Amino acid sequence: MQETSANNKPILEMRDVTKAFPGVVALKDVSFECKPGEVHALVGENGAGKSTLMKILTGAYKADEGTVFLHGEKVAFEHPQQAQRAGISIIYQEFNLLPDRSVSQNIYLGREPRGKIFIDEQRMVLQTEQLLNELEVKIEPRTKVGELGVAQQQSVEIAKALSLEADIIVMDEPTAPLSLYEVESLLALVRRLQEKGITIIYITHRLEEVFHIADRVTVLKDGTLVNTAPVSEYTSDELVHHMVGREFDHYFPEKADPENIGDVILEVRHLDAGKELHDISFNIRKGEVVGFAGLEGSGRTQLARVIFGADHFYKGEIRLNGQSMRFRSPVEAIRAGFGFISEDRKKEGLILGLPLKPNVSLPSLDSRQFLGFIKRQEEQEVVEEISESIDIRAASKRQEVQFLSGGNQQKVVLAKWLATNAKMLIFDEPTRGIDVGAKASIHQLIRDLATQGVGVMMISSELPEIIGMSDRVIVMHEGRVEAELNSDQMTEKDIMLAATGTTQDNGVLTGE
Amino acid sequence: MSTISGTSRNFFSQVQEIFNRIPNMGVYGVLVLIFVGCLIFVPNFGSPENVRNLGQHSVALGLVAIGQTFVIIAASLDLSVGVSISAMAVLASLMMDGRTSMMLPTVLMVIGFGTFVGLINGLIIAKLRVNPFIATLGTWLILQGFLFSRFDNFAGGVPREFEYLGYGQIGPVPVGVIMFFLVAAGGQLLLSKTRFGYHLFGIGGNQQVSRLSGVRTARTMIIAHVLCGLGAALTAVFIVSRLRAGAPWVGETYTLDSIAAVVVGGAPLSGGIGSITGTVAGVLIFSILNNIFNILNIGAFAQLVIRGIILISVVAFYSFRLRK
Chain S
1 MQETSANNKP ILEMRDVTKA FPGVVALKDV SFECKPGEVH ALVGENGAGK
51 STLMKILTGA YKADEGTVFL HGEKVAFEHP QQAQRAGISI IYQEFNLLPD
101 RSVSQNIYLG REPRGKIFID EQRMVLQTEQ LLNELEVKIE PRTKVGELGV
151 AQQQSVEIAK ALSLEADIIV MDEPTAPLSL YEVESLLALV RRLQEKGITI
201 IYITHRLEEV FHIADRVTVL KDGTLVNTAP VSEYTSDELV HHMVGREFDH
251 YFPEKADPEN IGDVILEVRH LDAGKELHDI SFNIRKGEVV GFAGLEGSGR
301 TQLARVIFGA DHFYKGEIRL NGQSMRFRSP VEAIRAGFGF ISEDRKKEGL
351 ILGLPLKPNV SLPSLDSRQF LGFIKRQEEQ EVVEEISESI DIRAASKRQE
401 VQFLSGGNQQ KVVLAKWLAT NAKMLIFDEP TRGIDVGAKA SIHQLIRDLA
451 TQGVGVMMIS SELPEIIGMS DRVIVMHEGR VEAELNSDQM TEKDIMLAAT
501 GTTQDNGVLT GE
Chain P
1 MSTISGTSRN FFSQVQEIFN RIPNMGVYGV LVLIFVGCLI FVPNFGSPEN
51 VRNLGQHSVA LGLVAIGQTF VIIAASLDLS VGVSISAMAV LASLMMDGRT
101 SMMLPTVLMV IGFGTFVGLI NGLIIAKLRV NPFIATLGTW LILQGFLFSR
151 FDNFAGGVPR EFEYLGYGQI GPVPVGVIMF FLVAAGGQLL LSKTRFGYHL
201 FGIGGNQQVS RLSGVRTART MIIAHVLCGL GAALTAVFIV SRLRAGAPWV
251 GETYTLDSIA AVVVGGAPLS GGIGSITGTV AGVLIFSILN NIFNILNIGA
301 FAQLVIRGII LISVVAFYSF RLRK
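Protein chains in written order, with the numbering used here: chain S, 1 to 512; chain P, 1 to 324.
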């Protein structure tokens with residue numbers, strides 16, 4: 001069994017894979033290969049194409065061009081289940097588990113061992129126990145999955161992959177939801193899988209993990225392959241450089257004139273919330289755009305939700321224009337002048353089945369009603385004025401927003417908050433997944449709002465956007481403010497190092 | 001760490017396991033509470049006569065509620081059971097028309113009718129992807145139209161021998177109660193021990209996950225609806241025996257009552273959770289209420305109000321528990 005890992009013939013090879021989505025080329029001529037029994041890290045910024053590549057591998061997407069070889073044979077999976085049968089299991093960040101069913105029921109869903117008529121539950125539990133013992137994970141097979149913590153649920157997913165006799169397991173940012181201690185045990189578990197001869201494709205943002213666990217690393221950037229090399233040939237500086245070095249794809253609007261930056265509009269002091277946010281302090285002034293950089297899961301969205309009253313905080317203080325605020329719900333935040341452009345416009349930003357007008361006017365109905373009746377004339381005028389001013393292109397007024405392009409959808413979300421005349425706007429990934437043209441106009445819009453005196457908090461995982469737009473950058477790491485950088489201090493490298501928590505030390509997992 | 005064996009499990013995990021294996025502790029708590037309360041405060045509640053009565057009055061609702069449990073676990077529901085029970089009761093009563101020789105063909109016919117309606121519901125929901133509420137509302141209206149265009153009162157009648165099902169006893173236990181018990185036991189086995197049962201919980205919990213795990217989601221959904229139709233058919237057979245004839249309104253109340261019983265039994269309409277044992281407890285709770293309403297002579301409108309309050313508070317209690 002151990003002999004196979006000495007064999008250098010690739011177990012998996014993807015050649016010249018190209019995939020385009022409307023308006024964006026997600027992958028261009030990317031080649032990728034894995035040797036049997038290796039841990040192969042796949043790194044790159046958000047949008048670099050890692051997930052797309054893996055979705056093509058497992059058949060969730062179909063490649064426009066390129067071929068995939070598994071054990072030297074050409075394959076083209078059309079459904080993730082086919083890939084699963086061929087020995088490729090993928091563990092997504094969002095687990096595919098039924099919370100109300102037990103661990104063993106989840107692992108054997110669709111493949112339950114049967115006696116003559118009934119399910120052989122005894123055997124199922126026993127086999128589950130064996131799997132979990134093999135992984136040295138302590139979980140009772142009869143426990144409901146919903147009662148387990150995130151790390152344990154992840155172990156259940158891994159056990160499920162093991163039970164499917166996977167010889168390739170893809171892990172998509174497995175440590176993102178885990179605490180530091182849990183990360184260590186996950187890494188140990190990955191090593192145990194490797195000892196069994198299983199090949200691991202390990203997608204991550206966290207460089208320290210790459211150096212800890214991976215044999216080789218492949219770097220993707222903007223949908224193209226940068227390099228594949230043994231980890232030992234890299235230093236963390238070089239890896240960061242490979243991940244982020246690039247040319248800007250468009251020009252950003254001019255930054256704020258220091259003279260136009262006014263009083264503090266939002267002040268956050270020593271804020272603690274949930275398990276995630278610790279001792280957060282910062283302020284935002286009128287007229288400036290403050291960028292929030294960090295990895296996914298660093299707590300930025302959580303922070304935005306707390307400020308907006310969608311989640312609660314325990315300790316600390318939030319002040320708007322000097323007045324202490326404690327919102328019990330978003331309604332109160334909106335009344336106080338906040339607006340929140342959430343990162344998931346389809347789930348949290350838009351009512352997809354409704355047309356433009358009701359979507360736009362929803363948060364501002366309060367101010368445009370009399371005894372509960374909407375002032376339709378006024379509503380009509382406001383919506384028309386805004387959609388014209390930010391150039392929303394809809395085929396007709398009745399068209400449901402789900403049929404608009406991503407860029408236009410995002411403009412509709414913006415229009416909602418413009419209609420409320422908000423004083424403080426929080427943007428969460430304002431240009432995710434939209435084309436370059438719409439990106440530029442949304443950037444211009446954000447800048448115009450700031451110039452008009454609106455406070456802007458802009459969360460973004462795209463470094464060019466952070467650097468191009470922000471007058472100041474706050475970098476978060478594991479729920480804390482790791483660094484605050486002024487416009488002359490912000491380089492991609494410094495932000496990335498702070499975001500991965502490698503400001504003080506180099507590359508090793510530490511408690512801080 | 002790797003020395004986990006069957007014998008070395010500690011006491012705590014054993015206790016936990018026992019609790020895990022008994023589902024719906026909550027609803028049985030409520031049931032026991034109500035039962036004990038009634039024993040103390042309601043005169044004659046505990047007499048053998050009344051307990052037998054109680055059992056007998058649980059059968060009709062119980063059978064259809066067992067069927068309803070399957071579809072609700074699958075995150076579906078069936079609004080057509082009530083009118084379908086009425087239709088089958090009339091059908092049975094007319095077909096037998098007092099003739100002993102027609103008993104078996106009639107029962108088979110009714111079962112065929114019930115499963116057919118279930119099959120149609122299942123096909124509409126799983127294949128045409130019509131929302132279950134709308135799909136079964138549609139079949140309800142269609143059946144209602146046919147039924148009311150032809151009948152407006154009791155029609156036909158059952159032979160004396162057929163009344164055994166509704167009135168007979170084996171020892172001290174009514175035949176209907178035995179039938180209810182057997183159907184419930186069968187249903188619980190089906191749910192907890194068979195692949196169908198496992199897949200049912202799967203599609204109710206997360207259709208996408210189940211599909212990706214190789215569960216045939218459409219087929220599972222259709223079977224659930226067929227079983228629901230079968231439950232309705234059994235209820236029809238039982239009540240026609242009790243009433244000695246069928247009329248086009250006799251099933252009316254069973255639609256919403258069966259859904260209420262299942263939900264009180266711990267199966268939320270969002271699917272993925274539920275059990276026959278829970279449903280049986282839900283049915284018993286409503287039967288006990290009916291029973292004491294009669295004993296205490298409470299007016300019909302007040303009964304509705306009390307039942308509504310109980311329904312809402314039990315479900316609010318579940319959802320409160322889920323939040324924690």
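What the hints contain is simulated information worked out from the structure, not anything from laboratory work.
Heads up, some of the hints might be wrong.
[What the hints assert, rightly or not] List of simulated lysine-lysine pairs, DSSO-like, C-alpha gap at most 27 angstroms:
1. P:K127 / S:K116
2. S:K144 / P:K127
3. S:K138 / P:K127
[What the hints assert, rightly or not] Taking CB as the label site, the calculated pair distances span:
4. S:V75 / P:G186: 36 to 46 angstroms
5. P:S319 / S:A336: 44 to 54 angstroms
6. P:R219 / S:R123: 50 to 60 angstroms
7. S:Y251 / P:G214: 18 to 28 angstroms
8. S:E388 / P:F301: 31 to 41 angstroms
9. S:R393 / P:F301: 54 to 64 angstroms
10. S:K116 / P:G214: 19 to 29 angstroms
11. S:V331 / P:F133: 53 to 63 angstroms
Quick caveat: nothing in here was measured; it's all calculated off a predicted structure.
Using N, Cα and C, we set each Cβ at its ideal position, and we do this for glycine too.
(request) Mind listing which of the numbered hints don't hold for this structure, in increasing order? (result) 1, 2, 3, 5, 6, 7, 8, 11
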